[in-house]
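*Asks:* Here's the letter readout for the chains.
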Amino acid sequence: MTCKQIVELVTEYLDGGLSPAEAARFEEHVTSCPPCHAHLEQMRQTIDAVGRIPEESLSPDAEQDLLEAFRSWKQG
Amino acid sequence: MRAYAFLDPAATDYVSGVRWPVPADDGPGEWRDSMGGGEPLRACTPDQLVWWIDQALWEVELVGDVYDTGRSLHGERGRLVVPVDAWSPAVAHELTADCAVRLRDRAVAALEADGRHAEARALGAADDLDAIADAAAAASATEPGAGSLLAGYTSDLVRFAGFMPDPSRGAAVAARIAAHALAGGVEETPGYDEAYAAERQRQANWLRTRLGL
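Note that the protein sequences, when read in sequence, are chains A and B. Everything in the first sequence is counted per my numbering, starting at -1 for the first residue and increasing by one. Everything in the second sequence is counted per my numbering, starting at 36 for the first residue and increasing by one.
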């Protein structure tokens, strides 16, 4: 497994979506590749942080801005 | 069941990020539960240690259901029991050297087969890591062929292991490069997986014997 594949698969790995064999190869690579380990940790921390933001903490203006941004992105 | 876990100095699993409670005194640490549905509590058998090399090695106790993935044990609940003092930076360095010498010897044989006797002798005479890296780099740079390829891997093994932040990470890199190179260096080729697994098993045996486990 290459560093490029690690980047492509990291969210699937964290979601538990890789097969046992793929997960084993992913983990083996990360164990011996500090940059990929750092990437995995960053993704894990990001998911952890985002997962702790409750929807009701958004102000109405911020919610509206986000909805408009997503609509624009879909149209673009 | 008794098992083992390679962890960083703060008792954190390098891959899962799970931190085990460290014993406050000579007894075992507090129990820790796996994060149901999240990161498992990972440990391993002595034969699986080579996949997870890190700075600190602990004997651990797992209770409840334990799932063996083939490369690690996933437990419901566990605790650290006692550090394995036989593991040290010096032993990590020994493992790196063992992998380098094994790959060097294969490169020497390939250079001989390629008719490059002088380079084979020079590489075979190199007996410390820096000398192995220099002789291997010189042999890899001259012409194509199996000897050059293996010499290149030998040089890379020593250099990349040296770039790592600590000897244990260096040993992890060295072991992986050695297995990859000795398996032929191309994952998709027939026989690669078997040869890779065989070298990993040899490394596991080395580690188990060296640590007296």
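Because the hints were derived from the structure by calculation, they are not lab data. A couple of the hints might just be wrong.
[To be verified] Coverage of chain A stretches by chain B, computed from C-beta distances (three or more under 8 Å per stretch; other residues unrestricted):
| hint | segment |
| --- | --- |
| 1 | 22 to 29 |
| 2 | 35 to 43 |
[What the hints assert, rightly or not] Not close to chain B: a few residues of chain A, all C-beta gaps over 12 Å, as computed:
| hint | residue |
| --- | --- |
| 3 | T0 |
| 4 | P18 |
| 5 | D46 |
| 6 | L65 |
| 7 | A67 |
Even for Gly, the Cβ is constructed at its ideal location relative to N, Cα and C.
*Asks:* Each hint: holds or not?
*Replies:* Each hint, compared with the structure:
no. : hint     : in the structure
1   : 22 to 29 : holds (count 5)
2   : 35 to 43 : holds (count 4)
3   : T0       : violated (9 Å)
4   : P18      : violated (6 Å)
5   : D46      : violated (9 Å)
6   : L65      : holds (30 Å)
7   : A67      : holds (30 Å)
Against the hints set out earlier in the document, violations occur for numbers 3, 4 and 5.
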